[in-house]
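Chemist: The whole structure should be built from the sequences, with the hints applied where relevant.
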Amino acid sequence: MSQALIKDASHMSGYLVTDLWIMLSASWESASRLPAGKLATVACTSEVVPQEGRTSSSTRGKRLKDEGTKLQVVAAGATAGLVSRFIVAPLDVVKIRLQLQPYSLSDPLTPLRSAPAYRGTVATLNHILKHEGLTALWKGNVPAELLYVCYASIQFTTYRATTQFLQTALPTRLPDAAESFIAGASSGALATTITYPLDLLRTRFAAQGRRRIYSSLRGAISDIKRDEGFRGFFRGIGPGIGQIVPFMGIFFVAYEGLRVKMAGLNMPWGSGDATAGVIGSVIAKTSIFPLDLVRKRIQVQGPTRGNYVYGDIPEYSSAFRAISSIVRTEGFRGLYKGLPISLIKSAPASAITVWTYERSLRMIMGLDSEEAKL
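Numbered by full-length UniProt numbering, the letters in the sequence shown go through residues 1 to 374 in order.
Just so you know, these hints were derived from the structure itself, not from any lab.
There's no promise every hint is true.
Just the calculated beta-carbon pair ranges, DEER-fashion [what the hints assert, rightly or not]:
| id | residue 1 | residue 2 | range |
| --- | --- | --- | --- |
| 1 | Leu217 | Ala169 | 35 to 45 Å |
| 2 | Lys225 | Thr168 | 40 to 50 Å |
| 3 | Pro175 | Gly311 | 43 to 53 Å |
| 4 | Pro175 | Arg333 | 11 to 21 Å |
| 5 | Glu370 | Phe320 | 52 to 62 Å |
| 6 | Glu371 | Arg119 | 31 to 41 Å |
| 7 | Asp227 | Ile283 | 17 to 27 Å |
| 8 | Pro340 | Ser318 | 23 to 33 Å |
| 9 | Lys130 | Ser216 | 37 to 47 Å |
Computed from a predicted model, the values in this text were never measured in an experiment.
Glycine included, each C-beta is placed from N, C-alpha and C at the ideal position.
Modeler: This is the structure:
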């Protein structure tokens, strides 16, 4: 039964993750053959199965990157991404609408005809519900679900493989903070590059108002390929990579450190994992938010730029010019539009992701352990 669950989840991640396994198999397999005393890998035994809603302190104290087999990691990562995305989808749509708003929120001389439709999170949410309906809060959810499943699977898989590679390839062990930063940045960069077309599609669907630019996911892919070429799927990837490398590095450093320290507090129902995820996400997201905003602005460039919910989004030829233009016309605050809702979204999203990942991984490991005993 557990093998079927794992296979189903890995198929959801698609052939991208399979290709990733091939690229990383050498380092992964060499790491898996380490002597027992050299790598603190959690064995697939009944000790990892939560009992009465709690997990043993010895298991909670293990580091995220040392747990599970590669197939179990992919399955747990896919599950975590799927659950997290569906829950926070409405907040993501609100964030994107605020980020794409090309107006100054503080200039009293802004012409009435150019006044922003949204002046805050609540106003944006109410406007969408009133003019587009409840389902509009899940616009772009299909490519977003695919994005989150693939991204989470690749991210956790690469993170574990990279740390194990660092432990075997270097003559001396790196400090935990440096190891986590390198693994987090590497996993984020690779996952972002592979899944970037899905991220762009998610943004474009979320930016649609009552006027539909793309009628379906297949139609959007066809239109972008025809009108913008292959490069059209990677608009804004520069600031995307520039954003995700420090974000994932900072996030995993903070998360791993806090998670191990909180393991001894015996917090109920795995809330230590969730708390560590929230704090790590807030720190990382605030640090790189301007690049996230610029990425969203560049993603909606192209022949459809004037057809989204904001018909007058400026044209940007590069990320640097986008930053300069935003600061000049919208002020420094313009680089942080949507930050409050982004933090509100990012914190629970990261907490849900890591909490679901930990629980899913241990459940799968427990099922495998029970199956092996039969």
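Chemist: Lying within 31 to 41 Å: is that true of the beta-carbon distance Glu371 to Arg119?
Modeler: Between Glu371 and Arg119, where Cβ atoms are some 56 Å apart, the hint is violated.
Chemist: So does Lys225 sit 40 to 50 Å from Thr168, Cβ to Cβ?
Modeler: holds (42 Å)
Chemist: Does the hinted range 17 to 27 Å hold for Asp227 and Ile283 at CB?
Modeler: violated (40 Å)
Chemist: For the range 23 to 33 Å, tell me whether the beta carbons of Pro340 and Ser318 fit it or not.
Modeler: Given a distance of about 28 Å, which is inside 23 to 33 Å, the answer is holds.
Chemist: Could you tell me whether the CB distance from Pro175 to Arg333 stays inside 11 to 21 Å?
Modeler: violated (37 Å)
Chemist: Regarding Leu217 and Ala169, is the given constraint of 35 to 45 Å on their beta-carbon distance met?
Modeler: holds (40 Å)
Chemist: Does the Cβ-Cβ separation between Lys130 and Ser216 fall within 37 to 47 Å?
Modeler: violated (26 Å)
Chemist: Taking 43 to 53 Å as the hint, is the beta-carbon distance of Pro175 and Gly311 inside that range?
Modeler: With Cβ atoms ~51 Å apart, the hint holds.
Chemist: Would you say the C-beta atoms of Glu370 and Phe320 sit inside 52 to 62 Å of each other?
Modeler: holds (56 Å)
The structure is inconsistent with the numbered hints 4, 6, 7, 9, although it conforms to all the rest.
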